[in-house]
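K.L.:
Residue-level listing of the chains:
Number of protein chains: 6
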Amino acid sequence: MGTVVRGVIRADRAVADAFAQLGVATAHEAQGRRGLLAPYLNPIYPGARISGTAVTVSVPPGDNWMIHVAVEQCRDGDILVVAPTSRCDDGYFGELLATALAARGVRGLVIEAGCRDVRELTRMGFPVWSRCVSAAGTVKETIGDVNLPLVCGGQLIAPGDVIVADDDGVVVVPRLDASAVLEASRARAQKEEAARERYAAGELSLDVNGMRERLAERGLRYVD
Amino acid sequence: MGTVVRGVIRADRAVADAFAQLGVATAHEAQGRRGLLAPYLNPIYPGARISGTAVTVSVPPGDNWMIHVAVEQCRDGDILVVAPTSRCDDGYFGELLATALAARGVRGLVIEAGCRDVRELTRMGFPVWSRCVSAAGTVKETIGDVNLPLVCGGQLIAPGDVIVADDDGVVVVPRLDASAVLEASRARAQKEEAARERYAAGELSLDVNGMRERLAERGLRYVD
Amino acid sequence: MGTVVRGVIRADRAVADAFAQLGVATAHEAQGRRGLLAPYLNPIYPGARISGTAVTVSVPPGDNWMIHVAVEQCRDGDILVVAPTSRCDDGYFGELLATALAARGVRGLVIEAGCRDVRELTRMGFPVWSRCVSAAGTVKETIGDVNLPLVCGGQLIAPGDVIVADDDGVVVVPRLDASAVLEASRARAQKEEAARERYAAGELSLDVNGMRERLAERGLRYVD
Amino acid sequence: MGTVVRGVIRADRAVADAFAQLGVATAHEAQGRRGLLAPYLNPIYPGARISGTAVTVSVPPGDNWMIHVAVEQCRDGDILVVAPTSRCDDGYFGELLATALAARGVRGLVIEAGCRDVRELTRMGFPVWSRCVSAAGTVKETIGDVNLPLVCGGQLIAPGDVIVADDDGVVVVPRLDASAVLEASRARAQKEEAARERYAAGELSLDVNGMRERLAERGLRYVD
Amino acid sequence: MGTVVRGVIRADRAVADAFAQLGVATAHEAQGRRGLLAPYLNPIYPGARISGTAVTVSVPPGDNWMIHVAVEQCRDGDILVVAPTSRCDDGYFGELLATALAARGVRGLVIEAGCRDVRELTRMGFPVWSRCVSAAGTVKETIGDVNLPLVCGGQLIAPGDVIVADDDGVVVVPRLDASAVLEASRARAQKEEAARERYAAGELSLDVNGMRERLAERGLRYVD
Amino acid sequence: MGTVVRGVIRADRAVADAFAQLGVATAHEAQGRRGLLAPYLNPIYPGARISGTAVTVSVPPGDNWMIHVAVEQCRDGDILVVAPTSRCDDGYFGELLATALAARGVRGLVIEAGCRDVRELTRMGFPVWSRCVSAAGTVKETIGDVNLPLVCGGQLIAPGDVIVADDDGVVVVPRLDASAVLEASRARAQKEEAARERYAAGELSLDVNGMRERLAERGLRYVD
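Chains as they are written, first to last, in the numbering used here: chain A, 1 to 224; chain B, 225 to 448; chain C, 449 to 672; chain D, 673 to 896; chain E, 897 to 1120; chain F, 1121 to 1344.
Everything labelled a hint here was simulated from the structure, so no lab data went into it.
The model shown is predicted, which means the values in this text are computed figures rather than measured ones.
Don't take each hint at face value.
[What the hints assert, rightly or not] Below are the SDA-like pairs computed for lysine to any residue, each with C-alpha atoms no more than 20 Å apart in a straight line:
#, chain 1, residue 1, chain 2, residue 2
1, E, Lys1036, F, Leu1324
2, D, Lys812, E, Arg1108
3, A, Lys140, C, Arg669
4, A, Lys140, C, Arg662
5, C, Lys588, B, Asp431
6, C, Lys588, B, Arg436
7, C, Lys588, E, Gly1115
8, A, Lys140, F, Arg1334
9, D, Lys812, E, Ala1091
10, C, Lys588, C, His516
11, B, Lys364, A, Arg188
12, E, Lys1087, D, Val811
13, E, Lys1036, F, Met1331
14, A, Lys191, B, Leu320
15, A, Lys191, B, Val363
16, E, Lys1087, E, Ala916
17, A, Lys140, E, Glu1037
18, D, Lys812, C, Gly450
19, B, Lys364, F, Gly1122
20, B, Lys364, F, Met1121
21, C, Lys639, C, Ala628
22, F, Lys1260, A, Ala216
23, D, Lys863, D, Ala873
24, E, Lys1036, F, Gly1330
[Stated by the list, open to error] Cβ-to-Cβ under 10 Å is the rule here; a few derived chain E residues that face chain C:
#, residue
25, Ala934
26, Ser982
27, Leu1052
[Stated by the list, open to error] Quick look at which bits of chain F chain E covers, simulated, 3 or more residues with Cβ under 8 Å:
#, segment
28, 1137–1145
29, 1166–1177
30, 1288–1298
31, 1309–1322
32, 1329–1338
Don't be surprised by glycine CBs; every beta carbon is placed ideally from N, CA and C.
Take the sequences, apply the hints, and build the full model.
P.N.:
Structure, rendered in structure tokens:
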């Protein structure tokens, strides 16, 4: 405990930024249904969709000191990712820290704990994905780590990885896979666009995707 | 496992449609406080209020194949009701399936599992009541049933039953009870309208409903 | 069981009212990080921020009779606080009761149980903080207490205490501490305003609050 | 609400009794992986394994009056199945009711709520599967139903159906399927006995069940 | 924060001790169904039944320092009651602290957080009721309070109150009520003994308690 | 998806084995309070304490095929670690698989999902730490990975790492740290032995660990 790693290698900025248009579900599917954080991480307000590079923070329960330390390690295009070393619902983060992060170009926060000042964060347009909303204050007594790999929402996240977050949740794309996953995401989005038009016209996925034969093989039967 | 029932008898369309104006709480009370699905089924966006006839789908955990099968069995005025055979939070449903359902006149989805593409579903105005929001992808390997009775949110739902859903949750009204419950719902709404006016004018329910005597009998005492 | 206390001494009106501008997080911090109700109490719609004096109601599971009794004890500037004697998710409260309370100048409801008629309550602008949303109806068979101290959301609340509620949750300030906590809250808000400006200008809390030395003492080390 | 059905047709006694030797997992698998109650229903002490015919009781939250009514409808070989109309964790059941049931030959209780007197029930050897253990007392004010079909643990249970319960949980076998499922269960148990011997001798299920080819088809690859 | 109250007035020793024979359910019922702690507090091993006087400890999340402080305030016949200021599942307590408490005659621990060393505590026969079992270590950085009133498991507990704990959970009896509740508990136990014999002989509570008429008044009907 | 890594390098057998005597809490503390899996993973029966080397299995929800594949990769002294790719409570594992694993010398199972055949596993003495007990059957349709690093209970686990499990839960010790952590664990156990004797003799940790001065510095005050 007690290490801050500086000068982390981040995923390519243009690549990381491009995911915001594609969204969480597409990025998750395009990398082989991997990387999705647990669904108990919810946005504090609807409608935000961001992507960026992870700065990771490991914090003790009820102690937000290391978030203050982490601010200094953030730069434009980053997303802060915070996980406590054991379950904690306290409100580690509020508008003052958001103001400091926004001043550095940070795009949002993912935290496996509580968040507060929801009204002000909404007004600022600083999006947060958190386990809960809680005003519970935290102390500044015990140190932790910044920019070491950690587990958040059940996924391993390394500093510099790409984070994508929207109303559907949060997904991590490992830094080295980011370009390939972006390409696969775009391909998927394009394919879905084609399917969408056919479905809107009343076609059935049973036919569009040729599922009827395999369903029959599995024993599906129709009765009246 | 593996049966699709076609040509289900649905509750009367006009009756099913009329519940949307009355809402979940009224329909639940009017049928003797029955039929309410568990409160962990929440709308993905606020403000929707729908009613319609149930098309039911039983799915394995992590496998949404049967929802594709079910689309073909849906028609105008239906509401799709999906329950997994064991607890699963995966994102079985997104905007492509919603596009296919909307093209057939389906009014919404109730699913005891996860839903994704919340942003797009909100934009489309396709309402979903789900256990959670999750982008987790599903497979298409194992078959299930369409239009057999199932349990969703702790309530038995038969195909063709009336489903009512709004910000308060979801209620099922059995097909054969639908007319009577509609009538009772209207009576209740009317009675509430009268009470509302008296309460707004400052009258107390203690007096409007003559509760004081029975409270005293039970032993309620006032102290200063 | 079965006592209604009339003529409760409330916190000073002007003091109680003034908390609404400061909000939950500030009041919680200003009284030494005390008094916060558990984070499972959530607002039924975003954006409300209220403060007022508590009228407390202890109810049996599935029985809302005592809320009707409590209405009569409410006056302008109060907030109703309801807790069941054992966990219950039923919909104890809806728009009719809200109409009656609004007619008396009550500002909102905090309930460790379910609430219904969310659509109508939102339209009325009557805010509720509840454990869940549920249309489940309740009976009127068993009596409870009004204006005795109770535990709600894990906090002891006495009638006449100040309640503050917003998007961050709910906090109780004991009646006798209210003036002092209000003053401390204002001081804190002022101090935060100063910090906000410095953070917005790019200063770091590490420097603004002089944390670097103490972090080093604790053993924090920086690596590249 | 408020109906007691007498003279329910029960599954054949010998058939119902025979399931106790086979257990929950086998009966669940043998009927096509159906009928399993949710895993939050746990035994209050380890080691019990029972089977019998269901007497069903629908109770209001916090009110155990109908369990007293149901005792009279029970006979030798029955298992009492209790579900509240909305979630409730109160202690509906204790040793006095167990004494009354045991005197009638009832084999145990399945309750989607709380149970108390665990120490005494353990000593008596009266097994209970419940949502939780709670000493919370209940009232006797509101009526419910006995021997109407109900949903418990997410499964539809009709009076007279076979209930099997052990350390793995609880499963329901519909009355009319009981003989066939018993036969299938016995066949499954026999087949498992053969497999058990081969596995104990060090054989692999990959070989015993010929899985290797299909795994390869799915794309499984081995690396060193 | 940061107060230790010495010389707390405890409930009478003989009275406090006598509750252990009666148990949690009886004490809860005998004081009018009050005082029961939430059912998520479970014993770490079955079969213990204790009573004693409360020494209360309020601790920060993830910090067990104040438990060390509290040991000194404990004496023979006490039960330690610990609650964190916000939800925490860490393992605040293990066999070393239990050894220290046992040396002073403390009878057990109630903690709304985690406990560890279950194997050793079981061997020692030092019973604990906790929210969960967790080995997660805690720090010693932030102070709290000893022997101030606190909320644990949703109940207000004052130092010196009587605590009763067994397999059914935990109940608090206020110090000043202890004698009266003990007497009422004994009366209840005696009355139950009489009922038990009649139920064991096959009598029905419907008859023993004369419920049939009131059930009929409520509208209960029997059908065949 | 779909990779099986053979010939994994395991932690030294003697080192891995030695942890069983020290237990989870000690190993967790000795490695700087790291590596503890979430407390929702509980033993299916009390009293087991094992250590060994991890064989990891990533499985789809509701599909246990890869556990069958994993058996072949196990050898004497291993512990199987299974995590689903999204939350699933199904009963992936029972006595047949346990028989196969026991035949290879595997010491137990850690699974972030359900387990069944608890009665038989208890009788065999094959310990399992699981999220829940459930008899829910699983399919064999979709492949996953064996012996790739995975996240289980919120911790990253690599194949060959040391797993320690007992009544307190489960902890992972990275393979390369195992010797050092073992040594630190032994030192800690020895130190605790000394403290235990002093506490048993009535000494206070306040004095044994010299805490009084630092508590006073923090502002702790004693009142009567």
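K.L.:
Can you name, in rising order, the numbers of the hints this structure does not satisfy?
P.N.:
Violated hints: none; all satisfied.
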